[in-house]
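**Student:** Full structure from sequences and hints, please.
Keeping their order, the protein sequence lines are chains G and B. Residue numbering for the first sequence follows the numbering used here, starting at 2 and increasing by one per position. Residue numbering for the second sequence follows the numbering used here, starting at 4 and increasing by one per position.
No lab work stands behind these hints: they were computed from the structure. Incorrect hints may have been included.
[What the hints assert, rightly or not] Chain B is nowhere near these chain G residues, computed Cβ spacing over 10 angstroms in every case:
#1 Thr10
#2 Val57
#3 Ile110
#4 Thr113
#5 Ala236
#6 Leu259
#7 Ala268
[Unchecked claim] Some but not every residue of chain G turned toward chain B, in silico, with C-beta under 10 angstroms:
#8 Cys33
#9 Ala151
#10 Lys155
#11 Glu156
#12 Leu159
#13 Asp163
#14 Arg168
#15 Gly171
#16 Phe232
All C-beta atoms in this analysis are idealised placements derived from N, C-alpha and C, irrespective of residue type, glycine included.
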Amino acid sequence: MEWLIDPWTSGIMRRAFAEAILMGTVAGGLGCFVLLRGLAFLGESVAHTLIFGVVVAFLLGGPVALGAVGAAALTVALSSVLAADRRFSVDVSMGVLLPTFFGLGVTLIALTEGYQTRLEDTLFGAILEVTDLDLALAGAVALLVAVTLACAGKELVLATFDRPMARAMGYRLGLLDLLLFAVVTLAAVVALRAVGNVLLTAMLLGPALSARLLTRTFWPMVATAAGLGAFAGIAGLYWSWSTNVGGGAAIVLVVAALFACVAGGHAVTSGVRRRSPAPVAEAGLGH
Amino acid sequence: MSAAVVVDGLRVAFGARLVLEDVSFSLPSGTFVGILGPNGAGKTTLLRALLGDVAIEGRVDLERPIAYVPQLTEVQAAFPIDALGVVLMGCYPRLGWWRRPSHRERDHARALLERVGLADRARSPFDELSGGQRQRVLLARALAQEGSVVLLDEPLSGIDVRSREVMLEVIGEQAREGATVLMTTHDLAEAARVCDRMLVLNRVLVAQGATEEIFTEDVLRRAYGAGALVLEGRTAVLDDPHHHHGHGHGHG
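**Tutor:** In structure tokens:
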């Protein structure tokens with residue numbers, strides 16, 4: 002059992018575990034909204050906009066996490082200004098802003114002496130370098146997400162399931178969208194630190210996809226995805242500890258492996274269920 | 004009787020496209036109104052104007068709360084939610100932001116599912132229900148809204164006979180209990196059978212009044228133009244073959 006306890010003796014690993022659990026829970030849970038609203042694009046582009054904030058923070062010598070939060074806040078604020086025009090939806094305005102920020106970030110990287118070495122951290126995460134400030138930020142984001150879902154969870158579900166009805170009931174869809182985008186962006190900030198820019202989308206979508214196959218209604222799906230995300234964080238770090246694989250990559254690979262198992266199991270059980278009642282009728286229909 | 008719905012000089016334009024013009028009517032409480040007209044006549048837009056969901060000119064006044072049944076195609080059916088969960092949405096505005104539905108709301112929602120004949124499907128995922136069953140769940144949700152005015156957008160489109168019977172029975176009951184019901188439909192014959200009054204739209208209000216006054220060859224010709232056929236004194240309306248709802252074939 003030593004391998005189970007061993008990683009926890011290191012302060013660096015304890016912080017990494019805390020970060021991975023918080024990140025996995027938040028990204029997994031919110032990923033359900035991202036998946037069902039068809040916002041995969043949002044997760045991907047948010048990851049790009051954050052690079053800008055990270056580089057600016059590096060230039061100013063401030064904490065990286067605060068730079069990312071700043072960039073996230075700026076994006077959400079600007080997109081809400083753009084989306085005030087009814088001709089643009091919030092995701093369209095995001096689609097304009099995020100590549101712009103990414104371009105700015107890349108330009109700044111090219112102009113900044115000595116940043117190239119840290120670029121890898123931004124792309125693939127640096128979960129072993131998590132600071133107390135990063136952890137505090139992850140905790141604050143987790144709390145904020147929990148409060149948001151407790152206060153507006155059922156309204157966000159309504160706005161996802163049936164937009165005309167939500168509008169008819171007098172809910173302001175623009176504001177609800179903005180709220181959702183804001184918490185997803187904050188979750189992306191946390192995940193950026195843990196798994197990096199490139200792997201972030203996998204953290205948002207992977208656990209949610211698995212959970213969709215395992216559950217029939219939304220809130221159990223969120224709980225399952227959050228649990229799977231946290232589990233992937235822990236399991237990925239154990240793997241990383243024992244083999245020297247990068248933490249972010251290991252976590253994402255566990256997410257992928259979990260999905261492969263769930264999807265495989267689902268295919269087998271639904272295949273069995275489908276075949277058993279009417280084996281002849283179902284044969285050869287390309288299921 | 005006091006008017007539950009008053010519309011005066013309503014005009015709706017989307018950019019340069021004028022969708023509704025000079026629409027005025029008033030409806031007493033407890034009437035069951037059919038909104039008829041060819042595709043693109045502005046039926047759905049009229050409902051959206053009543054809901055306050057589009058920019059309008061003119062006056063729209065209606066009793067609140069408003070219950071609403073959107074077109075089935077507007078709902079994201081693949082969302083993981085069961086029938087009971089959908090019906091419970093009807094009480095969200097009353098609950099407020101952080102409160103979750105209690106036992107009282109749940110029991111009420113189950114009773115409403117029973118009323119639309121789906122007591123045994125409360126825990127069925129919405130995407131495993133048939134089109135007609137889904138439509139009945141949406142109706143149960145509208146009942147949970149306890150509206151003085153009930154707006155239904157094509158509730159009879161593409162559903163099975165049993166669902167249609169249940170829907171019409173429950174909707175009619177609502178009107179008899181004092182709610183003002185407005186229903187858009189492509190189904191002239193059904194509308195003539197169940198509605199007290201009719202609004203015939205084709206950008207402008209072509210005709211309005213009690214069903215027996217409206218259901219005449221002259222009015223239908225003016226509303227549907229060449230789509231109206233008169234055969235041996237009976238009028239048939241040929242629906243637009245390029246039906247934009249994609250599931251309403253075979254009506255009219």
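**Student:** Work down the list of hints and note, for each, if the structure agrees.
**Tutor:** Quick rundown of the hints versus the structure:
1. With a minimum CB-CB distance of about 41 angstroms to chain B, Thr10 of chain G clears the 10 angstroms threshold, and the non-interface call stands.
2. For Val57 of chain G, the non-interface assignment is confirmed: its Cβ lies about 36 angstroms from the closest Cβ of chain B, beyond the 10 angstroms cut-off.
3. Remark: the non-interface label on Ile110 of chain G is consistent with the geometry, its nearest Cβ contact in chain B lying 40 angstroms away (cut-off 10 angstroms).
4. At roughly 44 angstroms from the closest C-beta of chain B, the C-beta of Thr113 of chain G stays outside 10 angstroms, upholding its exclusion from the interface.
5. Listed as outside the interface, Ala236 of chain G is consistent with that label: its C-beta sits roughly 25 angstroms from the nearest C-beta of chain B, beyond the 10 angstroms cut-off.
6. The beta carbon of Leu259 of chain G sits about 18 angstroms from the closest Cβ of chain B, which is more than 10 angstroms, so the claim that it is off the interface holds.
7. The Cβ of Ala268 of chain G sits about 18 angstroms from the closest Cβ of chain B, beyond the 10 angstroms cut-off, so the non-interface label holds.
8. Interface restraint check: Cys33 of chain G against chain B, minimum CB-CB distance 9 angstroms, threshold 10 angstroms, status holds.
9. At its closest, the beta carbon of Ala151 of chain G sits 6 angstroms from a beta carbon of chain B; the interface hint therefore holds under the 10 angstroms criterion.
10. Hint status for Lys155 of chain G relative to chain B: holds, with the closest Cβ pair at about 6 angstroms, below 10 angstroms.
11. With a cut of 10 angstroms, the hint placing Glu156 of chain G at the interface with chain B holds, because the nearest CB-to-CB distance is about 7 angstroms.
12. With a cut of 10 angstroms, the hint placing Leu159 of chain G at the interface with chain B holds, because the nearest CB-to-CB distance is about 5 angstroms.
13. Interface restraint check for Asp163 of chain G: the shortest CB-CB distance to chain B comes to about 5 angstroms, inside 10 angstroms, so the restraint holds.
14. A hinted interface residue such as Arg168 of chain G counts as satisfied when its beta carbon comes closer than 10 angstroms to some beta carbon of chain B; here the least separation is about 5 angstroms, so the hint holds.
15. Residue-level restraint check for Gly171 of chain G holds (minimum Cβ-Cβ distance to chain B is 7 angstroms; threshold 10 angstroms).
16. About 21 angstroms separates the beta-carbon of Phe232 of chain G from the nearest beta-carbon of chain B, more than 10 angstroms, and the hint is not met.
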